[in-house]
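Assemble the dimeric complex from its two separately framed chains, guided by the hints.
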Amino acid sequence: MSTNQPLLSHAWRSVCTGLSLCLFYVVANAQSLSTDTVFGKFKDRLVQIRIVDTSTNAQSTIGSGFFIDKYGTIITNYHVISKHIFKPEQYRIEYVMHDARVHQAQLVNIDVVHDLAVLDGKQVPTPHLNLIEHTLRKGERIYTLGNPLDLGMTIVESTYNGLTDDTMHERILLSGALNPGMSGGPSIMEDGTVIGVNVAATGTNIGFLVPATFLKKLVPHDYKPGTVNFVDLVRKQLLANQNEYMHALLASPFKSKPLGDFAVPDKLAPYLNCWGDTDEENKPYRGSSTICAIKNDIFLNQHFSTGEIRYSHHYFSASKMNSYRFYHVMQQYFANPSITLSGNKEDVTEFNCTTDFVAQTNLRFKVAFCLREYKKIKGVYDMVLNAASVSEEQQGLVTILTLGGVSYDNAVAFGKEYLRTFKWNRP
Amino acid sequence: MEPPVIIEVLDRFGKVKERIKVADFPCRIGRGYDNDIILDDPYISPSHVELILDGSNNVVINDLRSVNGMYSLAPLKRQDSLVLQDNQRIRIGQTDIRFRTSFFLVKETIQDLRKPHSAASILGSGLALPLVWGTLSVFILWMTYLESVTDVTFTQLLGKALPIFIMLPLWAFAWSIVSKIVTHKFYFIYHAVWAGILLLLLSSIGIALEYIEFAMGIDGFNDSAALVTDVIITAILFYGHLRYSTTYTRQTSGVVATLTAFILVFTIGLLNYLSQPEFSNQPQFSAVLKPPAYVLRDSSSIDGFFSRAESLKYFSYDNDTSGNQ
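So the protein lines, in turn, are chains V and Y. Under our numbering, the letters of the first sequence match residues -11 to 415, in that order. Under our numbering, the letters of the second sequence match residues 557 to 881, in that order.
Here chain Y stands alone, though its shape is the one from the complex (with noise of 0.2 Å):
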């Protein structure tokens, strides 16, 4: 290895923490101050190691007798000296570090293809807030009034809906502090902000299901496309995640969000099925009901109606009668 060689100060994961270009030699390294590089390692020695140039100007490492030594890694063995390799890992007390030349190969650059003033940055702002939250707590007023059957005063109906906004800013605030220990940002508005419009979304689309299903009278269809929504709405929220937190590309994250949100529907809705009572004898059917304008379907007759539903006379079960208690 030929100078000038470049020094990866590796951290205990194996990232590069630090990089120092080493031109002049000899150049010595060790813990105290009259060194060329200083380390801040208690194990590494003040003065640790000595980078030189031998006579085919291949740069050398020596150990100056330290405490601890200097070792090569893979195969882990104590070295007094060593002529440097390209990519050569060494230890010195407690830290690792690499070697590479000036010709090393960087990766491609990503491209960035968020424009300055896209919407994410909107909603990063001060204004996108008190807009969500405001519109958000207003829809879930006027829900909270439809779906009561009594006569209701506004204070009673905010005492409905309370629980919903406190919920909201401490689920924020807690997915806040994960952000902030995974990526060292806080990012507390946008958490909120988007915690809002999901929580629109989802509403919306619930009530927009129950139309439908009661319009056009399909049994069940509630349940199935609520959970389709929920692999849309857990993708959407992995899709943004993945793109602001890692340099993966569109279609990556695209794929992984997809993913992981089915897995996670998947999974989620087997435990629900799982921890389902064994038996129930209340019956299910679809029950919504809405005012006559959205009823899209013309009407069976009575007859109609019960010949159809004379499938339901076959039942298929296990026909023990000797079981046990």
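Just chain V, same shape as in the assembly (with noise of 0.2 Å):
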């Protein structure tokens, strides 16, 4: 019903990059010789992944994949089969080989966190591709593979430029932008090693790669076909992770920095972007603000996705300004904290929300604390925490905390010690 005009739009968006590509293709097998190679070479390995809709027997989604041992095995990104996870009756794997034989698959593992998925493909034996095992250098030339579409089997040639440090989790950023069908296609070295695991997230429009590290955990599994319930194995994974990085978080009291005549919270680890803005000259106060944010990055399904840590503070003061007016001011910040986190009904609740004047120090604050669960993953929540200062007629603070797919316990933790990390200077 509502699916066709995505579907068509993602088909166009589609074919107009994996033309790109082509021509992109046709420009990079001019300047190397050994890129027809490769593909020659490795095309056996790559698989086109197909999601279909088992009522009415099409194709949903497509991306990549490619075998990584000779039993079958299949590897792919988490996101091009998310629709069977939540749905698996009504959605199957298929996986279409290089001679345009198409066999079944059955999904054996996920790692939800890093985009990543395991399938059984049934068949043996296969030929298939080895994981790296050194460590590249930066400038080494790598052959990004992938079947977008019906458009058959492409290769994007570029070159590494090392680890990002500035994800939550270690990302190999390409140089270009990907098409969607390219996910979970590999990015391989000339002599066919796969050094990481093509991601091409839709809506965020860059393309990356997990790197093969990651991919070492999920294969050989110590899994029983049919046995998994892999919504829960989604839960757990995202508790698992959200644990981690909360309690590296939450391990030392909170850094803080000058705000105006406050102190807040600052940059609390190295994968949040921060960045500062002071407003314009035509207002009766001065006024700024700093916002840290990461992308919310974890993929749960075509329309959610989670991971999400953002706060941001607002500073206003004035000297001869009505204090109504004043807090009138504060209060368009205070009411609309402009919530990036997406999901629709079927993945939350709304938000349940309470609000109160809670004391810090010499500070008083009006805090509006809002929780939403996911409805299909029991026990993880979004949560927000809105506080306002109300201690001084013609000073004040107005901070929005988001934090996504997080547990109770450390919703509530982490909500602690960013409001203790609030002091204020009083001049």
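Be aware that a few hints might be false.
[Stated by the list, open to error] Only some residues are given here: those of chain Y computed to face chain V with a beta carbon under 10 Å:
1. Asp707
2. Asp775
3. Gln840
4. Ile858
5. Ser872
Just so you know, these hints were derived from the structure itself, not from any lab. C-beta atoms are modelled at their ideal positions from N, C-alpha and C, and glycine is treated no differently.
Shown next as structure tokens:
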């Protein structure tokens, strides 16, 4: 019904990107003779992954994958097969070999945090790629393979630029954006060793690689086919992941930095991006803001991502402003927290909120604390914490904190530590 | 029926249009100018009927061979001659006529409790309009200024407040037209003054409620209190209209106005609720901020706040994972 429109536009985007990639291939081909060789040598290791709607037999999602051992084990992205996880009766997984033969595959393991999935292709023996064993040097040539739409196999040549250090989980950034259909395909060295799995996350428009090291933890696996509850596995992995980074964040008191006459939580981890802004001139008050955030980069389904950490502080001061008016300005920020959290009615509950006055040393805040739970992933919450200082007539602070996909205990622990970090150096 | 008789000429809604006392008989009724009673109905013949007294002093009505005849009502039946009874109703042409005796009992007089110089008449005077609108203008400009988040000039303030200044007279004018249709009186000043008063009242109550919600720290107080205010204001509005344009007593007007207000506000509230989007990603909370001087409650500790917030984590929902897209 409503899926027709997005699918169509999705297909168009794929075709357009695919064509430009083909063009790129032609250009790249002229520069390097080995691209063709690499492609020809390893194309039988690649497969196209299809998620098929069992009721209509129409393909609903496509992506790429590759064999990682001779037992028919296939690697792809979690986001390629996510529909199958939440509605296994409605969606089945198929893969298409380089010679156009179609086979059924069974999901055997996932890593939702790193966007990886392992499938059993139920074929032996299969030609396969090996994982890289040594560390790469910057500037080394890499080849990104994939099978977008039905345009056939695609290869893109680029160079290795090292691991990112400003993301929570290590990634390899690609020089260009990837076609969504190339998701799950491998990026390899000239000798066919896999350095990472392509991720072309829809919506972000950025292509990157999940380093092969994370694959080693997934394969081999100790599963018994058909016995794993994958929704529960998603839940466990999300909770374990947020426990890990929350414990790291909460291990020591939060660093603070000055904002006006206040001390506010500073950049709390290297993976947070922070920036600041000062208000324009034609206002009866002075105001400045800082924002720290990571993108919600854990894909759950096509309209729901999680993992967000985002907080902003807005400082206001005036010398001769009616205090009613001054607080009305603050209210504009306090009342509209511009939540960037995704998800719809099937995914999450609506927010439950409570407000109260809260004292922190010589500061008095009006605090609003809101929670919503994930419907299919029990025990995982999104949290919004808004606080506005109500201590002084013409000086104030509004702070807005958003955490996506955390346990209740961590939401509260983080909220407490966050509020405790605020100080006011009364002038 | 004995003389004298009172003839009630009825309009098409059955309301009395004209009363004529007949003491002298015979009495001829028709469209012609030589009749005792002249009726302006094109379906009535120049000489239509005649009232006479019979031997036993009863009033009898006779058809004078009119074109369209004479009918008794309930059941409708053509009559050539009829001995009139008290409350007898007949139809000639397209006009209904009822006959009463002079002993007809009229209803009790309604006591007018409005004093000659009550607030109502002051509000209707020429002084009230500039007074109320002047106050309202100052109020609107001042609130617009207080709620502006950037530097504003007086001209900009006027520009922002202009829609209200335009809408208010238009609103009053529109209701005056309704008033003209229903009560045949224009009442523009009444509507304009009352519109101003109600707007002032509503805005002031709204601001007061915000202060209370902030000062006392009561979640959602504003919303529920605003609903009560709506009922009260609407009830006042209906009560006033009922008192002015009907002969209902205070009690009846009060009951009718309150019930109507309840039903109206409830219906509008229900419609609003039903037209809400099915799902919202935005948290809803009490977002009112006022200057610190108005905080009337002790602050919680951080730990205390979060321990009281614990109930937030319990959600009840239909955990259906198989639904359609």
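Hints versus structure:
1. The beta carbon of Y:Asp707 comes within 5 Å of a beta carbon in chain V, closer than 10 Å, and the hint placing it at the interface holds.
2. The closest approach between the C-beta of Y:Asp775 and any C-beta of chain V is roughly 6 Å, which is under the 10 Å cut-off, so the hint is satisfied.
3. A distance limit of 10 Å between C-beta atoms decides the matter here; for Y:Gln840 the minimum to chain V is near 6 Å, and the interface restraint holds.
4. The beta carbon of Y:Ile858 is positioned within 10 Å of a beta carbon in chain V (closest approach about 5 Å), and the interface hint is therefore held.
5. Taking 10 Å as the C-beta cut-off, the interface hint given for Y:Ser872 holds, the closest approach to chain V being about 9 Å.
Going down the numbered hints, you'll see the structure goes against none, and every one checks out.
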